[in-house]
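J.: The listed protein sequences correspond, in order, to chains V and A. Sequential numbering of the first sequence, starting at 121, is according to the numbering used here. Sequential numbering of the second sequence, starting at 121, is according to the numbering used here.
Watch out, some of these pointers could steer you wrong.
Where chains are identical, the list cannot tell them apart; a pair therefore holds if satisfied intra-copy or between any two copies.
Said to hold, decoys possible - In silico DSS-like pairs for lysine-lysine, Cα to Cα no more than 27 Å straight-line: (1) K321 - K338; (2) K215 - K516; (3) K490 - K209; (4) K209 - K296; (5) K310 - K338; (6) K322 - K296; (7) K490 - K215.
If you are wondering where the hints come from, they were derived from the structure by calculation, not from laboratory data. Keep in mind the model is a prediction, meaning the values are calculated, not measured.
Protein chains: 2
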Amino acid sequence: MQSLPGFRDFFPSDCARRNYITGTWRRVARSFGFAEYDGPTLEPLDLYRKKNSGGEILGQLFSFTDRGEREVALRPEMTPTVARMLIAKAREYRKPIKWFSIAPFFRYEKQQSGRLREFLQLNCDLVGDASPAADAEMLALLIETMRAFGLTAEDIVVRVSDRGAWMDFLAQQGVKDEAQAREALSVIDKLEREPRETLEKKLSALGLTLSAVEEFIKSARPAFFEKLSGNLEARGLEDFCELDLRIVRGLAYYTGLVFEVFDRRQSRRALAGGGRFDRLLSDLSDGKVDLPAIGFGLGDVVLGDLLEDLPATKARMAAAIAAAQAVDIYVVVADESRRTEALGVVQLLRALGRSVDYPLGADKVGRQFKDADASGARYALVVGAEWPAMKLKDLKARTESDLPQESLADWAGSLQTPAP
Amino acid sequence: MQSLPGFRDFFPSDCARRNYITGTWRRVARSFGFAEYDGPTLEPLDLYRKKNSGGEILGQLFSFTDRGEREVALRPEMTPTVARMLIAKAREYRKPIKWFSIAPFFRYEKQQSGRLREFLQLNCDLVGDASPAADAEMLALLIETMRAFGLTAEDIVVRVSDRGAWMDFLAQQGVKDEAQAREALSVIDKLEREPRETLEKKLSALGLTLSAVEEFIKSARPAFFEKLSGNLEARGLEDFCELDLRIVRGLAYYTGLVFEVFDRRQSRRALAGGGRFDRLLSDLSDGKVDLPAIGFGLGDVVLGDLLEDLPATKARMAAAIAAAQAVDIYVVVADESRRTEALGVVQLLRALGRSVDYPLGADKVGRQFKDADASGARYALVVGAEWPAMKLKDLKARTESDLPQESLADWAGSLQTPAP
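The following block holds chain V by itself, in its conformation from the complex (with noise of 0.2 Å):
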C-alpha cells in the first residue's frame, strides 16, 4: 500500500524540511506586517469556473459530485479564495490590506521534475494600493523570503515586466481586440521556448512581427521602473531585479506589472510569480468591491531543490533540519529507586518549554547514552545516587558539572531558546 503518485508521505526529516520552508515563509512574512489568513481545503467547482483565470487549472482540477451533490474541487491555487474573502470582508479591514497563507493546492499535472499533485504554496497580497511603493513592497518581501534561505543576488533574479506597457504596444500595433491581444500574450509567453519559425508564424496570424516584438522588449522602459528600482535600492536589494519584458504571465487577470523569479542559471522553471491585477476584485463583484491589488504565489517544489542543489542554502536547510528533530535535554536515569525523581525533572523541564527525553523503562547508563546521543541533545541530566543533586553533562563541549535540584529552573531558564 503507497501513496498515490504526486503525492508525498513526511518522514520525520522531510516534515523538519517542510517546516523549515514553511517557517521562513512565515517568519519573512509577519516581519513585513502581512496577517495570516487560510481558506478550506475543498471549494464549490465553480469558484474556478467563474473567475476563468485558467484554462490550463480548469483542466487540472481534482474535482468531483459530494455525498450532497455539489459539485466540489480541491483548491488549486489561492486567488480564487482570497477574493471571495475580500469581496466578502474588505470593507472591515484598514487599507491596504497585507494578507499571506501557507497552504497546499491540488493539481493533476504529469509526472514531472519540479511537479507534484500537492504541493505547498506561498500566497501574499497587498490591496488597496496601487502605487509603485507597494509593488516594491511585494518585490522586497518576494525577494526577502528567498534571501532568508541564504539565496543571494548571484544565485536567483526577479525579472520584472509590465503588461500595461504590453497593452499599450500591442494596441499600437493595432491589436485592439482583448481577447486577441490575450492570445497574443500567450505567444510572448513561449519566446523563449518555442523556435522562432513557430513564433513569427503564430505572430503574423495576429499582424504582429518577431522583429518589431523584440525591438519592443529590447528598448521598452516602463515608467515605474526608476522608482520600483530606487525603492529596492534604499533597502539594498536592487540586484534581485532586472527588467525583462519577455515575463508576461500567463494569467488573464493580471493588468500592470508582473513578475517572476529565476535561478541565475535558468535551470529551473520559475520560482514564484506573480503581478498586478487591478480590476479582478471589481469584475468578480460587479463593481462592488473596488480595489487595486498586488500578489505572488511561491511554491515548496522548484525552490526546495533549487536550496539542496547550492551548497551554501543546502548546509543552512541541513543544520535547521537537525536542530528541530534535536532533543534539548536527555534525563539518564542512573538509579531505578529515583525514577520517581526522575519523572518529576521530567515534568519540570518540559513545562518550562525545553524538550526533553527518557528511558521509559530501567536500562543500562551505558545505552542511556547513546540514546540521549542518538536524540540530538545537547545536554544529558544524570539522575542517580547522587540526588537531590544531578550530574550535567554537556554533550557537546564535553564537560560535566553538579547541579543541585533548587538550581534546576535557572538553569533551564538560561538556556538559549532557538530561533522559532
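On the provided structure of chain V, position chain A as indicated by the hints.
T.: Relative to the frame of chain V, chain A by itself:
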C-alpha cells in the same frame, strides 16, 4: 459565492486562533520529544477499506475517481496513513518511535455542534513499547497539551478504561466469539446515551445482563491502573485521570488501555480519545512489522468551543490572538524627504527579525499614529527632521526617547522575542 457548508474561511483573527491551537499542540508535543510527520491529504480509497476500522467513517468519506481512474479519498483520520508509513520504515528508527502530526481531515458529517466537514487534529503515537510507563507518557502528553491552554483538573477529566479487562469479562460471561464481543462493546459504548430497556434488550440478545455489566464497571480495577496513577502522580497530574470502564471506544483495533477526554460538565462530546493498538501494525503488514503502539487524536473544534466557554482559557486565547496579529514597530515617516532613510530603517529592523509596518505613501503624522495604534505596534519610531536621530515612542508606556541611528540595531536586538 460562499465556502461549502462545514468548511471554514480563516480570516486573520480566525487564523491566529487556529495557529494558537496548532502552535500550542506543536510546542507541547516537541517538549515531550515527539517528532513531527505528515502524510498526503489525498489517499487511495483502499487504505480505509483495508483497515476497515470504522464502518461509520467509510460512510462519511469524500471519495471519488481521479483523472487517472484511481479510487481516492480525502483522509478522514491519520491512523491508516501513519500505519502505512511505520510499516514501510519502522526498522530505520530507534524505539520507542514517538511521532505527532497536525493536519486537516475530512468527513461528510451531518451539520451539528462540534462537527465540521474539514477539521484539524493532533495525532500522537508511541510505537515499540507496551509498558504502563509508555501509557503514562502518552496520557501525560495529552494532559499537558490541555493544560497548556489553561485547562485545569477542574475543567477536564481523562476517563481511562481497559479493553483487555472488558474482553476478559465478556469471555467469562460466555461471549467468546470476537465479532459478538465487538458487538457487545458497541452496546456498552452507548450506556450513557440509550434508555435502560433498549440496553437490556440488546445485551440479553448477547447473553449478557445490564446488572452484570454495571457491577463490572463499578468493581473492576485493571492491574495496570495503579502503575499508571503512580507514574502520573510523580508528575503531579493524577487529578486529571479517572478509571471509568464505561469508556470502550468505537474502533475495532484497540487492544488494551483506552481513554477519552471530557469537560467535567460533560456538556460536550469527547475532546480527544485514543488507546492501545498492539496488533494493528502486525495485522496490516501480515506480521512483518510487529510493534505495540498507543495513540490518540485531539480535534480543534470541540476544544476551541470549550476554550471559548471558560473565562480563563478565553482570556488567554484572546491575548495570544492579539499578540499574533500585532506588529512590533511602526515606522512613522514624519518628513517625506527622509523616505529613503525610513525604508533603510524598516529594512534593517525586519532583517533583525522584528515585524514592522510603515505608510506606503505620504500621510499626515497624526494619521500615521492612528495606523500605528491600529497595527498593535508596541513602538513607533519617527524618522524625520532629527535624522540621523529618531524619536522612539513606547505606545503602551506612553514614553518617548531619542534613538540615534547607530543604536538602532542594539535596541532592536534588546526587544523581547515573543513566545513562538
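J.: Determine for every hint whether it applies to the structure shown.
T.: So, going through the hints one by one against the coordinates:
no.: 1; hint: K321 - K338; in the structure: within (21 Å within a copy, 87 Å between copies)
no.: 2; hint: K215 - K516; in the structure: between (50 Å within a copy, 23 Å between copies)
no.: 3; hint: K490 - K209; in the structure: between (56 Å within a copy, 21 Å between copies)
no.: 4; hint: K209 - K296; in the structure: neither (36 Å within a copy, 61 Å between copies)
no.: 5; hint: K310 - K338; in the structure: within (17 Å within a copy, 76 Å between copies)
no.: 6; hint: K322 - K296; in the structure: within (17 Å within a copy, 78 Å between copies)
no.: 7; hint: K490 - K215; in the structure: between (56 Å within a copy, 13 Å between copies)
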